[in-house]
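Engineer: Listed below, chain by chain, are the residues.
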Amino acid sequence: EAAVTQSPRSKVAVTGGKVTLSCHQTNNHDYMYWYRQDTGHGLRLIHYSYVADSTEKGDIPDGYKASRPSQENFSLILELASLSQTAVYFCASSDRGRNSDYTFGSGTRLLVI
Amino acid sequence: GQQVQQSPASLVLQEGENAELQCNFSTSLNSMQWFYQRPGGSLVSLFYNPSGTKQSGRLTSTTVIKERRSSLHISSSQTTDSGTYLCAMESASSGSWQLIFGSGTQLTVMP
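These protein sequence lines map, in sequence, to chains A and B. Each number in this note's numbering comes from the position in the first sequence (counting from 1) with 494 added on. The letter at position 38 of the second sequence is residue 25 when you use this note's numbering, and the numbering goes up by one with no holes.
Think of the hints as simulated: they come from the structure by calculation, not from any bench. Ideal Cβ positions, reconstructed from N, Cα and C, are used throughout, including at glycine. Treat the hints with caution; some may be incorrect.
[Stated by the list, open to error] Only part of the chain A face toward chain B is listed, based on derived beta-carbon distances under 8 Å:
1. S504
2. V506
3. A507
4. H535
5. G536
6. L539
7. Y542
8. V582
9. F584
10. Y596
11. F598
12. G601
Only chain A is shown next, with the shape it has when bound in the complex (with noise of 0.2 Å):
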């Protein structure tokens, strides 16, 4: 069955520490997306791609490098965590030109202490 797999499921991090959160996808998916999500809020847009090997920032880029090594491969980076990073990450891929079909992963918790 086509999925988004993200890896870790969740994570504790030290201010400053790096941090990599992984996401797989199997429904040949041209776009993959990395969002965030607050408590009691929605989803923001961090990095997105369209290709791999090229990379596009979202709405709120900041503090985050993002990596599309392959189709199937998005990754999300976190040079130097730090407190207020500290949310959900969701990855998504898309099916975007034929019916705008957006797969999410199941969500990595990150706790920056």
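Since the structure of chain A is provided, determine the placement of chain B on it from the hints.
Structural biologist: For chain B alone, kept in the frame of chain A given last:
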């Protein structure tokens, strides 16, 4: 300003009552989508609705592009409908597509 505004922010119903959730957008868009977020996190797509009305069981989505609004109607609510409902508009920016979310409606259905 915020491009997608949802209302109400929260809603409490008795089982069997109907609910009407609203979403208004401030910029041009390609389409509107509705998602359900389970308590605990994952999102499930309910409707992809670029315009007009779509129905699935007890759920009905109506999007009126020229009025920049979309609604989600839940009829005969059940306790299992509890959770967060998110609308999202799809728009193009710099030649690529993005999904921009509203802040959600937290729905609680009491038995």
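Engineer: Each hint needs a verdict: does it hold in this structure or not?
Structural biologist: Results for each hint:
no.	hint	verdict
1	S504	violated (10 Å)
2	V506	violated (17 Å)
3	A507	violated (19 Å)
4	H535	holds (5 Å)
5	G536	holds (4 Å)
6	L539	holds (6 Å)
7	Y542	holds (7 Å)
8	V582	holds (6 Å)
9	F584	holds (7 Å)
10	Y596	holds (6 Å)
11	F598	holds (4 Å)
12	G601	holds (4 Å)
Hints 1, 2, 3, counting from the list given before, are not met by this structure.
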